[in-house]
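Colleague: Read in my numbering, the sequence shown has 149 at position 149, and its numbers run on one by one without any break.
Because the hints were derived from the structure by calculation, they are not lab data. Be a bit skeptical, because a hint or two may be false.
BS3-like cross-link-like pairs, simulated, lysine-lysine; straight-line CA separation at most 27 Å [claimed, not checked]:
| hint | residue 1 | residue 2 |
| --- | --- | --- |
| 1 | K197 | K220 |
| 2 | K197 | K151 |
| 3 | K84 | K151 |
| 4 | K141 | K151 |
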Amino acid sequence: FMSCGFNFALPEVGEATVRTLIRTGCAVEVLPNNCCGLPLYVYGDREAARNLARRNLELLTQTRADFIITDCGSCSSFLRDYPKLFPDAPALRQQAVTFAARVREFSELLATIRSPLTTHYSPLTTSVTYHDPCHMSRYCKLTGPPRELLKRLPGVEFRELPEADWCCGAAGTYNIAHFDQSMAVLDRKMGNIERTKAQVVATSCPACMIQLAFGARRRKSPVRVMHVAQLLDTSATA
1 FMSCGFNFAL PEVGEATVRT LIRTGCAVEV LPNNCCGLPL YVYGDREAAR NLARRNLELL
61 TQTRADFIIT DCGSCSSFLR DYPKLFPDAP ALRQQAVTFA ARVREFSELL ATIRSPLTTH
121 YSPLTTSVTY HDPCHMSRYC KLTGPPRELL KRLPGVEFRE LPEADWCCGA AGTYNIAHFD
181 QSMAVLDRKM GNIERTKAQV VATSCPACMI QLAFGARRRK SPVRVMHVAQ LLDTSATA
């Protein structure tokens with residue numbers, strides 16, 4: 001499931017995700033899905049969000065794939081919430097329940113596949129810390145899998161980030177509507193990242209990646225912002 005952020009703003013992340021899944025032995029089918037609907041939902045247009053969910057259910061329930069994978073923590077959280085969108089439509093709700101049970105965040109699936117990380121990856125010789133996206137850590141409760149993948153990568157020195165689950169300040173359009181407050185939150189996050197002295201900060205959300213990259217430029221920090229899939233892909237092609 002391609003997120004809007006990675007599909008349109010950071011397509012290299014989606015490409016790294018697909019390559020990594022294929023490299024681990026997965027048969028990957030990329031379908032032309034719509035937005036998951038989360039932005040519309042949080043801004044109050046519930047009916048438009050339901051319409052997008054219906055379209056995605058119609059498209060994605062046709063696939064015989066075992067799992068529906070997304071590399072975006074926010075998409076992962078909302079796709080799992082599809083059953084709640086149809087309380088008065090029993091048939092659609094049941095379809096959404098079956099659909100949601102197949103949803104996996106990228107690292108959630110990859111952490112269960114052990115052998116490729118020792119047989120197909122070259123040492124990176126770099127230090128990495130990890131920022132927890134809000135939807136992924138607080139709603140999906142997925143904090144272990146991305147760290148497990150990073151720690152298993154040859155040559156990676158993992159450094160835990162203080163206040164790793166604190167928001168980076170992006171928060172949808174919060175960084176546009178409340179720029180000054182957003183920058184204050186971002187400065188706290190960037191200060192913690194700099195204290196780790198890590199060369200790379202990894203994360204699993206396009207909004208977080210864009211915000212953290214802006215923070216690095218703003219502070220003239222040399223830290224690189226990468227998705228977990230990009231680190232796996234870089235190690236495999238190093």
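Colleague: Which numbered hints are broken by the structure, listed smallest first?
Modeller: 3
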